[in-house]
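From first to last, the protein sequence lines are chains A and B.
Just so you know, the numbering used here puts 31 at position 31 of the first sequence, and the rest follows in order with no gaps.
In short: position in the second sequence from 1, add 242, done, that's the numbering used here.
Among these hints, one or two may not hold up.
Unchecked claim - Derived contacts from chain B toward chain A, CB cut-off under 10 Å, selection only: (1) Gly-331; (2) Ile-372; (3) Leu-396; (4) Leu-399; (5) Ala-400; (6) Lys-440.
Hints are computed from structural coordinates only; laboratory data are not their basis.
Beta carbons: idealized from backbone N, C-alpha and C, even for Gly.
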Amino acid sequence: MSVAIEIKDLTLVLGGRTILNVPDFQLLEGESVSLMGPNGAGKSSLLFVMALLQEPTSGVLRYFGKSLQQYTRLELQRRMAMVFQKPMLLDLTVAENVDLGLKFRGINRKERARRIKESLEQMAVDHLSRRRARSLSGGEAQRVAIAQALVVEPEIIFLDEPFSNLDKEIREELMLHIDQVLRKKHITTMMVTHHRREAEIMTDSLYWMEDGVIISRESTDRAAALCEPVSYPNSPVGKNLK
Amino acid sequence: MELIWDGLVQALHVLITLDPTVMEVTWLTLRVSGTATLISVLIGVPLGWLLALKQFPGRNFLVSLANFGMGLPPVVVGLWVSIFLWRSGPFGALNIIYTPYAIVIAQSVIASPIVISFTLAAIQQIHPRIRMQLKALGANQMQMLFSLVREARLGLLAAVMAGFGGVVSEVGASMMVGGNIPGQTRVLTTATVLEVNKGNFDVAIALSIILLLLAYGVTAVLTTMQQWRRES
Numbered sequence: 001m002s003v004a005i006e007i008k009d010l011t012l013v014l015g016g017r018t019i020l021n022v023p024d025f026q027l028l029e030g031e032s033v034s035l036m037g038p039n040g041a042g043k044s045s046l047l048f049v050m051a052l053l054q055e056p057t058s059g060v061l062r063y064f065g066k067s068l069q070q071y072t073r074l075e076l077q078r079r080m081a082m083v084f085q086k087p088m089l090l091d092l093t094v095a096e097n098v099d100l101g102l103k104f105r106g107i108n109r110k111e112r113a114r115r116i117k118e119s120l121e122q123m124a125v126d127h128l129s130r131r132r133a134r135s136l137s138g139g140e141a142q143r144v145a146i147a148q149a150l151v152v153e154p155e156i157i158f159l160d161e162p163f164s165n166l167d168k169e170i171r172e173e174l175m176l177h178i179d180q181v182l183r184k185k186h187i188t189t190m191m192v193t194h195h196r197r198e199a200e201i202m203t204d205s206l207y208w209m210e211d212g213v214i215i216s217r218e219s220t221d222r223a224a225a226l227c228e229p230v231s232y233p234n235s236p237v238g239k240n241l242k
Numbered sequence: 243m244e245l246i247w248d249g250l251v252q253a254l255h256v257l258i259t260l261d262p263t264v265m266e267v268t269w270l271t272l273r274v275s276g277t278a279t280l281i282s283v284l285i286g287v288p289l290g291w292l293l294a295l296k297q298f299p300g301r302n303f304l305v306s307l308a309n310f311g312m313g314l315p316p317v318v319v320g321l322w323v324s325i326f327l328w329r330s331g332p333f334g335a336l337n338i339i340y341t342p343y344a345i346v347i348a349q350s351v352i353a354s355p356i357v358i359s360f361t362l363a364a365i366q367q368i369h370p371r372i373r374m375q376l377k378a379l380g381a382n383q384m385q386m387l388f389s390l391v392r393e394a395r396l397g398l399l400a401a402v403m404a405g406f407g408g409v410v411s412e413v414g415a416s417m418m419v420g421g422n423i424p425g426q427t428r429v430l431t432t433a434t435v436l437e438v439n440k441g442n443f444d445v446a447i448a449l450s451i452i453l454l455l456l457a458y459g460v461t462a463v464l465t466t467m468q469q470w471r472r473e474s
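With the rest of the complex left out, here is chain A (with noise of 0.2 Å):
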């Protein structure tokens, strides 16, 4: 597997303290890791810092093989998408907010409407395309934020925490449904939680971070994770396993 991003000699300071320490890291293309630790220990910083929406102090970052300077920055965040852990969505309907970033691309029309009614039927929140964002329930918002990242058709895509916000039913459905969708497109993913569980259903390894440093790497055991599956047939997203 060929390298997606490659991290070296990479600090983050802000306001005189060190949030990363990162000397050396890969994520291969295609893999999925996750980064666990207890807060404060810079996942989501280092999230921030290879979705470019945070500059680092110092370091170099490569991006599928080649130097940050040889893409030009939006050229790189649109092969990337974000699930942030507090869905952002404008006051918008639903299908308006999936379509910013397909807009944003100068898809035509035609594949824009394509696009969005299949992301939102795969994250079973079609019935809500025309709905005011605003109005959603903490579940719902988040299901159309992770639509709304998938319909970009992104190389790597960055979960913050995407669950932590949901009850442990709609968690553990929606996590197994995002799982099989990253899985069957072949999606680089790199997510950081405060679950264990999630990590091992989700992602291949587990890197764990204190004090902005990362100290060790694990493989993890999704076969073992998924022996006691959590069925609910009767949620909309279980209806919509494929």
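Chain A is already provided as a structure; the job is to place chain B on it using the hints.
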């Protein structure tokens, strides 16, 4: 009471008969104040956006200047615009003093700080994470600007309403730079003042009612636009 009644009857008469002189004054008022509001939006929205999102030395001074400018006395604006546009002034060669253009300039100066301050407040109210979300979605600078403007549309329409309300109701600047020339620079406010000075209170009341109807009509249209999507 009789005076008010006469004024109301006169206003009704003017409206029903579409009195050509009053209609001309009303149309000029709408054109001049509408153009000034449009110019202030073109200046104020990008500047408000810039002040809301960018950090640079002197930014706080500019913000306080914009906030202070919201209360600029129209007479002071009228005086300074006159000084600049008089034949002996720096822009005297343009020869636009006592023309509708001069009123548009003065009114734009009055409305711009209002639009800047309202835009600044509207954009700053947007959650900072929304900007990050738009960036993550791959928005370029222009797409970011338009998305944020769209997100702040309620506040921005309030800016337009406040700007238009500020200029359509002012009299000092229009009088000083326009000269209240009949058929050329006479607008509803200056015409009202003139009729009061002449003692024609019924006509003045009629003009004031037309001015209120005009201001309300424009505000009602903008309010409908502002609230349109809220109800869907």
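Here is how each hint holds up against the structure:
With its C-beta approaching chain A no nearer than about 47 Å, Gly-331 (chain B) sits outside the 10 Å limit, and its interface hint is violated. Because the beta carbon of Ile-372 (chain B) sits about 5 Å from the nearest beta carbon in chain A, less than 10 Å, this interface hint is met. Nearest Cβ of chain A to the Cβ of Leu-396 (chain B): about 8 Å, under the 10 Å cut. The hint holds. The beta carbon of Leu-399 (chain B) comes no nearer than 13 Å to any beta carbon in chain A, farther than 10 Å, and the hint placing it at the interface is violated.
Residue-level restraint check for Ala-400 (chain B) is violated (minimum Cβ-Cβ distance to chain A is 15 Å; threshold 10 Å). The interface hint given for Lys-440 (chain B) is violated, since its Cβ lies 51 Å from the closest Cβ of chain A, which is over the 10 Å cut-off.
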